[in-house]
Amino acid sequence: IGSVAGLGSFAAAGLTAVHSSSPDWTMPAGWQARLPNGIGNRSRPLLFERFPKLAEAIPWISLGQFPTPTTRLEAVEKEIGYEGELWLKREDRSSALYGGNKVRKMEFLLADALGRRRESLISVGGIGSHQCCVTARFAKEFGLAHGAAMFPQPVTAHVHENLRYNLWCNTEFFYSPGYASTVLKIRSTYAQWQSDG
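According to our numbering, the sequence shown is numbered sequentially starting from 52.
Don't read these hints as lab results, they were simulated from the structure.
Remember, predicted model here, so these are calculated numbers, not experimental data.
Please note that the accuracy of each hint is not assured.
Claimed, not checked - Straight-line C-alpha distance at most 25 angstroms; calculated DSS-like pairs for lysine-lysine: (1) K140 / K129; (2) K236 / K191; (3) K191 / K156.
Said to hold, decoys possible - Now the in silico label distances, taken between C-beta atoms and shown as ranges: (4) G229 / E128: 43 to 49 angstroms; (5) L137 / A106: 30 to 36 angstroms; (6) L218 / R238: 22 to 28 angstroms; (7) Q243 / F102: 34 to 40 angstroms; (8) Q243 / E130: 51 to 57 angstroms; (9) K104 / T207: 24 to 30 angstroms; (10) E125 / S94: 23 to 29 angstroms; (11) R144 / S246: 37 to 43 angstroms; (12) G135 / S239: 51 to 57 angstroms; (13) L218 / A126: 33 to 39 angstroms; (14) G132 / F99: 40 to 46 angstroms.
Here a beta-carbon is modelled for each residue, glycine too, at the ideal position from N, C-alpha and C.
Let the sequences and hints guide you as you build the complete structure.
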């Protein structure tokens, strides 16, 4: 699942089909209204412009502020003596909740989870994983449980910050000493969550 596995319950919100023709995908009425002001500007993915029929088949929720801005790096151009133009794509401004390119992926994964009325998200990564952080943040925003199956990586101050961020988001940690054992941990955790209801 590399990121998100089975997930949230919006049963009380009254479910209505949105833009997916998939029979097991429905989105609660008023789902976009649950988002804080400014989180998503409803800019549809370019994928849907190029392939309009995908918009009917693939769940999607607006979480980001797209397209992200670009900034010219004139000071860097001068410093390195570059005669052309250098531009930086500001993916750090992709969302008011959590920046970076992973917000684009979450627009699809979270929509699928919400549409299936899941209650939990499971993310996978190293102990400093940004995938785990972004999943934790959006899970918190939507009132979903979040579990992170994590494996070792070199411990740095940045890794510590990301672990603290996950704690703030109420992440439940599942640590394994290696990647292969993490995959097994995901299966056993998912089975446990299913038996717990």
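Results for each hint:
1. K140 / K129: It holds: about 19 angstroms lies between the C-alpha atoms, which stays within 25 angstroms.
2. K236 / K191: 22 angstroms, holds
3. K191 / K156: 17 angstroms, holds
4. G229 / E128: 43 to 49 angstroms: 44 angstroms, holds
5. L137 / A106: 30 to 36 angstroms: Given range 30 to 36 angstroms: holds, Cβ gap about 35 angstroms.
6. L218 / R238: 22 to 28 angstroms: Holds - the Cβ-Cβ distance for L218 and R238, about 25 angstroms, lies within 22 to 28 angstroms.
7. Q243 / F102: 34 to 40 angstroms: 39 angstroms, holds
8. Q243 / E130: 51 to 57 angstroms: Hint holds: Cβ distance 55 angstroms, inside 51 to 57 angstroms.
9. K104 / T207: 24 to 30 angstroms: 45 angstroms, violated
10. E125 / S94: 23 to 29 angstroms: 28 angstroms Cβ-Cβ, so the 23 to 29 angstroms window holds.
11. R144 / S246: 37 to 43 angstroms: Because 42 angstroms falls inside the window, the suggested range holds.
12. G135 / S239: 51 to 57 angstroms: Cβ of G135 to Cβ of S239: about 54 angstroms, so the range 51 to 57 angstroms holds.
13. L218 / A126: 33 to 39 angstroms: For L218 and A126 the Cβ distance comes to about 37 angstroms; the hint holds.
14. G132 / F99: 40 to 46 angstroms: This hint holds: roughly 42 angstroms between Cβ atoms.
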